[in-house]
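**Q** The chain contents come next:
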Amino acid sequence: MTARPRLLLVDDEIEILELLTMAFHDFEVETAVNAESAAELLRTKHFDALITDIRMPGGSGLTLIDHAKTQRPGMAVFVMTGHHQEPASDARVAKWLLKPFSVTALRATVLDVLAGR
Amino acid sequence: MVRRSLHREHQWTAGQVKPDELCFDRARFQAVLDLIEDMAVGELWQEIPLSQDRDELDALSHGVNVLSSELRYRLKELREAQASLIHSGKLAALGEVSSGLAHELNNPLTIVTGYVELVRQRLQSGGTSAVELPELTTYLEKAQRSLERMNVIIQHIMEFAHESRPAKEPMLLAEVVEKSLILISEQLRLKSIHVAMDLQAGLMAQINPSKLEQVFINLLTNARDAIVEAHGESGGQIHVRSSAPSQSELEIEVCDNGIGMDEDTRSKVFHPFFTTKEVGKGTGLGLSISHGIVQDHGGTIGCVSERGHGAVFRIRLPRYLPPETGRS
Chain A
84 MTARPRLLLV
94 DDEIEILELL
104 TMAFHDFEVE
114 TAVNAESAAE
124 LLRTKHFDAL
134 ITDIRMPGGS
144 GLTLIDHAKT
154 QRPGMAVFVM
164 TGHHQEPASD
174 ARVAKWLLKP
184 FSVTALRATV
194 LDVLAGR
Chain B
174 MVRRSLHREH
184 QWTAGQVKPD
194 ELCFDRARFQ
204 AVLDLIEDMA
214 VGELWQEIPL
224 SQDRDELDAL
234 SHGVNVLSSE
244 LRYRLKELRE
254 AQASLIHSGK
264 LAALGEVSSG
274 LAHELNNPLT
284 IVTGYVELVR
294 QRLQSGGTSA
304 VELPELTTYL
314 EKAQRSLERM
324 NVIIQHIMEF
334 AHESRPAKEP
344 MLLAEVVEKS
354 LILISEQLRL
364 KSIHVAMDLQ
374 AGLMAQINPS
384 KLEQVFINLL
394 TNARDAIVEA
404 HGESGGQIHV
414 RSSAPSQSEL
424 EIEVCDNGIG
434 MDEDTRSKVF
444 HPFFTTKEVG
454 KGTGLGLSIS
464 HGIVQDHGGT
474 IGCVSERGHG
484 AVFRIRLPRY
494 LPPETGRS
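In the order they appear, the protein sequences are chains A and B.
Heads up: the first sequence begins at 84 in the working numbering, then just goes up one per residue.
Heads up: the second sequence begins at 174 in the working numbering, then just goes up one per residue.
Isolated chain B, as found in the complex (with noise of 0.2 Å):
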């Protein structure tokens, strides 16, 4: 038990404390001791309860009452923060995307735009005549399907910027992969970056998508800076694969022939505020609230790299297997 560790790490147990040698009663002592114990692991919601002696045992479960509300306290605090940053980091990456966005929006409202200015000339011209009736039909489905791709576009930065709920759910990793690129593909492909996809098909995960999502995007941002850096605007390759490793484990890497780490800057690269870009171009964030998202999971995250060669980083997660169906 964690009691009984806590225990040998100090060369010491409650029940060496010989009862003759306490001007307490032994019961009280016991459930303060027991307590601090719990309140050593991070279970902090109990309290001793005071007798009505008011005696030392009771000062000092007092103490141990102040001190448990107090760290309560400070680990709600830290709880908070720590969802803020992450809400912050989100914001970020989102900011990183975001003149990508809008080049991607302005496309298909400049047709939406164009379209009806078209349409409305040819009727003002006396285009309801049945010959030209097709041509509008036309003009108005190409302006819809701009408005359909606006509309994923649009809903999707709404999803992704809400401050999401804590929960995670059984989902399919290709489907967070892919909803990522959703929000980076114009900014990859004005780079002359192209993604390869390699998933294996139906893998799941306990996810909590908007946040996974977020790793992937600071990956894939990181991977389109390292690629800009070695080879300017001739553009890159990115590769995205997902394995299962085995069977309860899933892996996911992200590879670009990007410029590279050396190992000095490979080993600090989830560390918070470590960046290479200048300033004000990166917040040295994304990569450590990543690590924290991914541990969130129940996950690990890791970099290979070499100075001039590109990198990988590698995502394991457990894997959620759905309940087999269709059998007695």
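Next comes chain A alone, as it looks inside the complex (with noise of 0.2 Å):
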């Protein structure tokens, strides 16, 4: 890639996104701290990869990787929760990580996919 990749941060949280947005701080980074302003976005722009929550406050994150794979098919999907009963293999989705995870192990599987598209 020549470009710098784009990627979409979702999180409820501003300090996740906070904390993301420093470890991808090479990437062109956008966030949204909910599913409905995130859809708006992948509406109007192009990303490379989605990081998104699934519980969040005004709707799931599992609808907007619907709606991200309805808009994007192309686009690498990393899902980040802290629920263990979510289903953690979804074929959407290229890899669920549970909270509290590793930056540098999300950072690598997202260059890691990234490199092989």
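I should point out that these hints are in silico values taken from the structure, not numbers from a laboratory.
Just so it is clear, the structure is predicted and the values come from calculations on it, not from any experiment.
Treat the hints with care, as some may be off.
Label pairs and their calculated CB-CB ranges [stated by the list, open to error]:
id, chain 1, residue 1, chain 2, residue 2, range
1, A, 173, B, 405, 19 to 29 Å
2, A, 87, B, 329, 54 to 64 Å
3, A, 173, B, 311, 29 to 39 Å
Ideal Cβ placement from N, Cα and C applies to all residues, glycine included.
The task is to assemble the complex, starting from two chains supplied on their own in separate frames and drawing on the hints.
**A** Structure (structure tokens):
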């Protein structure tokens, strides 16, 4: 890839968004605090990867993934969740991460998946 | 006096028994009567001394002593069972909120782990130069803030789960309400439920904080479920308000815009084991335990509701007025 990869981060916790923005400082990062505003960004902009929380007020990350896959089938999707009862396997999702996760590992996974495309 | 009312109930008084109808010592007979009447109002610590004669009155006295000691024992058992039920109810309430708490802890834990990793990477790539020090400091400060947040939550879970001392102490009602929100706010936030607080400042009562907090958690959990049943994931409103209707009383209301209850459900809502939730979803004990706790605080709890129109739970407690200071 020549241009910096474009990444959309979605979590209702602003501090998580801040942390991941730092961890992906060499990416073009945009953030959203809920599924609705993330869907809006997906409608208007191109992203190479989506990293989203699942349980958020006002709409589930799962609905957002449906939406993302319809709009941008080629986009890599990563899920971060604090809840163990989530399915943890989903063909649409490249990697499920359980909070607390390592940002180094997340970064490595994202780079790996993007390199393989 | 208590004794007089007991006599009235039975249309009979000890004074009506004529001494010549008794084959026993009048004073000893009266002592047995008195003890039985004391037992009837729950005073169980006395025993009738037996005489040297070992007569029929002694046999009766001994029977009464045995009965009294049995009652003491059963009462103790009952109190222990009640305490254990309240504690189980508290742990059940904690279980109810635990998935929210895990989420609440996992987020700051992710943040701490993340910043520690970032700091380590910067240091490994030669980040000790003066230029990057402010950045590293910021990372560590962010990690520290998250640790502090985790500390508040963990401290509070420990306080709450601990079997509480039976003692009540004068406390600010608002403080108890706010603490109960520490445990449940994440659950409410995830369900898009907005909590509006309208608490009159300075209201105090003699409170056992951990138990009263259990009541609020039960009411808030109940409100959450009623809202989810009515509106699904689209959320709702809980309004908590407190006031002092009189000098001697304070009132706190928890109102929700959930599914509400019909009259039949409403009338049973404080009955033990009554639940409208699916099997495995609710014990039916939360509100009945809450009722017991409020009563133990010398207060009352009631509910007003209509199916489809939300519910209001109203607690009234004796108000504590701090002794006035600064006046001679």
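**Q** Tell me, in ascending order, the numbers of any earlier hints that this structure violates.
**A** Of the numbered hints given earlier, the structure breaks just one, which is hint 2.
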